[in-house]
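Quick mapping for you: the protein sequence lines, in order, are chains V and F.
Reminder that position 372 of the first sequence reads as 372 in my numbering, one-by-one numbering, no gaps.
To get my numbering, take the position in the second sequence, counting from 1, and add 1000.
If you're looking for bench data, these hints aren't it; they were derived computationally from the structure.
Mixed in with the good hints, there may be bad ones.
[As the list claims (entries may be wrong)] Pairs of lysine-lysine, DSS-like flavour, derived with a Cα cap of 30 Å:
1. V:Lys84 x F:Lys1049
2. V:Lys99 x V:Lys87
3. V:Lys186 x V:Lys229
4. V:Lys87 x V:Lys186
5. F:Lys1049 x V:Lys87
6. F:Lys1049 x V:Lys229
7. V:Lys234 x F:Lys1049
8. F:Lys1049 x V:Lys64
[To be verified] Beta-carbon label-pair distances, calculated as ranges:
9. F:Arg1241 x V:Ser45: 35 to 41 Å
10. F:Phe1278 x V:Val91: 39 to 45 Å
11. V:Arg96 x F:Gly1153: 29 to 35 Å
Just so it is clear, the structure is predicted and the values come from calculations on it, not from any experiment.
C-beta atoms are modelled at their ideal positions from N, C-alpha and C, and glycine is treated no differently.
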Amino acid sequence: MKDVRIWDGTPAQPAGTEPELTRRSFLRTGVAAVGGMAALAAALSPLRQLERDEIPDLAQFLQKHYKEMTPTEMEAALERIRDKVEKRFEVRPHLRDVKPMDGVEFVYALNLSRCIGCRKCVHACVAENNQSRSPEIQYIRVIEMPRGTLDLEKGNHHYERPTIPDAGHFYMPVQCHQCANPPCVKVCPVEATWQEPDGITVVDYDWCIGCRYCEAACPYWARRFNFAKPTLPKEQLNTNMSYLSNRPREKGVMEKCHFCLHRTREGRMPACLEICPTGARKFGNVLDPDSEVSQLLKTKRVFVLKEEVGTLPRFFYYFDERYPNSLDPEAIAIADRLRAEEGDAYGSLPGAAGPNRNYIAAAQPAWWDGSRA
Amino acid sequence: MVGRESRVRTYLQFLYRCFRLSFVGDQRYYAWMFLLTLLVLLGINAYCKQLVEGLATTGLTDQVSWGFYIANFTFLVGMAAAAVMLVIPVYIYKNHELHDLVIFGELFAVAAIIMAMLFVTVDLGHPDRFHHLLLRFNFPTSMLTWDVVVLNGYLLLNLHICGYLIYCAYRRRAPSRLFYIPFVFVAIAWAISIHTVTAFLYSGLGGRPFWNSAVVAPRFLASAFAAGPAFLILTLSALRRFTTYEVPDKAFLTLRNTVTIALSISMFLLGSEAFTEFYTNSAHVSYATYLFFGLHGHHALVPWIWTAIGLNVIAMVLLYLPISRRLGVLQIACVMLIVGIWIEKGMGMIVPAFIPTPLGEIVEYLPTVNESLVTLGIWAGGLLIFTVLVRVTVPVLAGRLTFDQSFSAATAPGVRVSHKHTHEHAGVTP
């Protein structure tokens, strides 16, 4: 083994003295330090493009968790958000913090014999909840399933046929199942997502740190992350908004279906239900024995998706037993009418049904991603 | 009071000298540090772009929401945990040959933990809200909070143990056993815990069948105890090559045994997992099918995993053969298995759990250039930290950087010092 010299051989000096600082070594150190700082500044330079409204001000930085805010603090937060929205969208939003109603637990039921796969619910949800249009974020995914199976891997997410509903398939919309035992809530390290007394799992967009653990934990692929700054044309903003639901989000936070709580907690129906042309969607208070959903749960042979994962969904599916071999003829008739009325727009595939590849490409040199060519 | 003041001054002088020493070296040292600094700056630049554009600069999607960052995080937690594979022989089996080398394992643990934490941080959409962890800490429900606790604890434990022993050597003082032996034993258990908790992070998710397996934690530990000591073999080889520090052959042979056994167990567990998946052939086999053979025409991970398995098998054969008693061959085997395990545990463990998605959609994932630069930057930063730590530790343990000598003694041309001779003043003898 040969010895390797580590230094240029300055002779050892008696204890207590430090080597002299020569002019040459001083200059060398200075040049290296200045060069290093310049290189660091150059490396940090992209930060100059950070938009002003994306840098949290002190009030936002110190804003408390939703559950810890006093009514006054909440009002201040709401006012701050109103200002921000007004600045960005040039309209003052009707923003408030809509609280759950007593004695209410919301439940969804979906008649798979009536869903024609038209995806109107997907679009209505995006419009109602101020989701980003580019890249487009959607809470509802409609899967075209071959008859005779519930194996989701056999489904087609990207169906685009002018003839829907296809006779050999049924159509299965999936959105947040508002589980009674939600794994997403369990895993969140900062309690930015929780289950409300009316069963809706919500996200505090101002508290989420964007670790995406909840997205990994969800067995229904119901959560969406803002990988980029969400964009939304001014004229398309829905100004009826609530703190825990459809107020505009920022990049780097999680969002999800919240059963349109700013509507449903005030006695209205969710946007996806309201738009559904066939009446496949049913929604209501399961604690009220006379509600439509309570009756459906009692009289229909309902099932939940992936019952084995033990999440206890509040989203139920059922087939109409009167039509074992096809969709409800009434729904098919509605589909025929819509197809005639709407032409190409009917059942169209929404913008970001696939991955956000268009967005990723922007950050990639052309030689890297062949799909851009 | 005077005594305390001068003690503080000695400590500050120690820190200052360590700082100064990290800028002193030969041409190769400068070249290596320059390269690492350059990569760190490239990484910082790429991360700044990510801060501006969002995580859209990565290849991640809602379908595959964790990727390269989390894969490297997982691998590095294992590397950090593996420091115990040096500690256990010394403190439990009283293998004194390895004694002074333990410190290098612990120093690497420090660097690895810092890298692991950086990987989690760059994966966050809102790093500016990091303090929310302190304000609403979802402990003990969220496994991620467990990870925060154990990783920080492990970092502190190792900083204390290394820092204390090195500073005692600097002061030419025998360390007080009470001050570090209890911490060493706590650190042994803690090391197991960091990788177990990291495994539970994944295996506790019922919605991800690929991870939802009891064998994930044992697999993580086994693969870590192969890759970590393998990296230490490479580090000790570098010490032997580039410094005057004497590394006994026995150290390499002990570590070789550890690596061989751990790699064998790791391969066995991988085989058990594969058997259970493919023989059962239930609906849950899709993820493993995607990983090993491709699914419905999508094959992005297939070349990765077979490369990993090939590297690991060749490394294992080499390790079992007497030929790997030669340092050169041992080094090759170590490099192969580190790369193999990095792939198997990173891309091979994290990504396939997302493909297909819980709703059966197949979207593939590849890291982008920007994401790779951030990753490279963190690795370079970790190696930079580790290099500096080793660079200042070697002269201290060799008795050339002590409180009663001038700074230039540390930088003077080294005389090869056997670790046996340094026991008294290095003071790390039990």
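- request: Compare the structure with the hints numbered earlier in the document and write down the numbers of the violated ones, lowest to highest.
  value: The structure conflicts with hints 4, 10 and 11, although it agrees with all the remaining ones.
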